[in-house]
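Undergrad: Chains E and X, in that order, are what the protein sequence lines are. If you read the first sequence in my numbering, its first letter stands for residue 1, the second for the next number, and so on. If you read the second sequence in my numbering, its first letter stands for residue 1001, the second for the next number, and so on.
No lab work stands behind these hints: they were computed from the structure. Keep in mind that the hints are not guaranteed to be accurate.
[Claimed, not checked] 16 Å max Cα-Cα, derived EDC-like pairs, lysine to aspartate or glutamate:
| id | chain 1 | residue 1 | chain 2 | residue 2 |
| --- | --- | --- | --- | --- |
| 1 | X | Lys1092 | E | Glu95 |
| 2 | X | Lys1027 | E | Glu157 |
| 3 | E | Lys146 | E | Glu157 |
| 4 | E | Lys91 | X | Glu1075 |
| 5 | X | Lys1027 | X | Glu1094 |
| 6 | E | Lys40 | X | Glu1097 |
[What the hints assert, rightly or not] Listed next, with one range per pair, are the computed distances between beta-carbon atoms:
| id | chain 1 | residue 1 | chain 2 | residue 2 | range |
| --- | --- | --- | --- | --- | --- |
| 7 | E | Ala151 | X | Gln1096 | 37 to 47 Å |
| 8 | E | Val138 | X | His1103 | 56 to 66 Å |
| 9 | X | Lys1102 | E | Asn150 | 47 to 57 Å |
| 10 | X | Ser1058 | E | Lys175 | 38 to 48 Å |
[Stated by the list, open to error] Where chain E lies over chain X, by a calculated footprint (3+ residues, C-beta under 8 Å):
| id | stretch |
| --- | --- |
| 11 | 1016-1025 |
| 12 | 1033-1047 |
| 13 | 1050-1062 |
| 14 | 1065-1072 |
| 15 | 1077-1086 |
| 16 | 1097-1103 |
By construction, the Cβ of each residue, glycine as well, lies at the ideal position given by its N, Cα and C atoms.
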Amino acid sequence: MWSNFVDNLSSFASSGSNWVFFVFALMAISGAIFMISYTKVVHMVVSLALTFISLAGLYILLEAEFVAIVQVLIYAGAISILMIFGIMLTKHRAEEVESQRPLHNILLIIGSVALLGVLFYAIQTANFPAAAPFDAGVDNTAEIGKLLFNAHVIPFELMSVLLTVALIGAIVIAKREEE
Amino acid sequence: MGGVVAPYLMLGAILFCIGIYGALSKKNAVIVLLSIELMLNAVNLNLVAFSKLGVHPSITGQVFSLFNIAVAAAEVSVGIAILIALFRNSGKTEVQEMDSMKH
């Protein structure tokens, strides 16, 4: 398993797109780690926005341009701004204090590292057959649109109903009640 | 040979584990929601990676990740609305204090 990993690593360093992957992956992981380690809540949101943007870069590397644009619009744009609004409308000077439950935290670290270990073992030992070449089509967005309105039209319409219901529900919940 | 898709899966696994740690250890409810978004993003990365590098590459994976993003947006809007309503009624933003329905 380990030699397999080293083999992967050496073949990984030989190609240019792999270096792009490496830079974006490093940015994504460091954004997530900063999110964990910062104490001010606003800083956490901004560092996670870095993760979202670098994931959009990875989607472009995977020839999924439309998903990358949607990622920037929805995650780095809408969700980050919504989170910042959420912070500003509640305790906007909030700081994450040190936990009073050290046992809880230690068990949590052990648990998530163990989960990572299991996933690492599974990924490194799994045998993925060689992929057929990917045909993204000339226009990625047009292909996605054709698929959305032919094969996946019912989930697409359900999704529009879900979004309407969720947003109206959000307005009703957050509305100030008259006394 | 898994050398092509495995790095993406590993990155997804790392982000998912960081997200699960943040969701269970942080106290501020906004950060808990944000960690859940991070976990959803890790799943999206896997979907898009398999849509290009899987055994049967097809664009369906990207469509599924778009649905996933839409559901995440709906979830976070409702979550933030609940947080604002709760803060207005009781002044709480920390998940440990949200126990008024505890038996």
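Undergrad: Which of the listed hints are broken here?
TA: 2, 4, 6, 16
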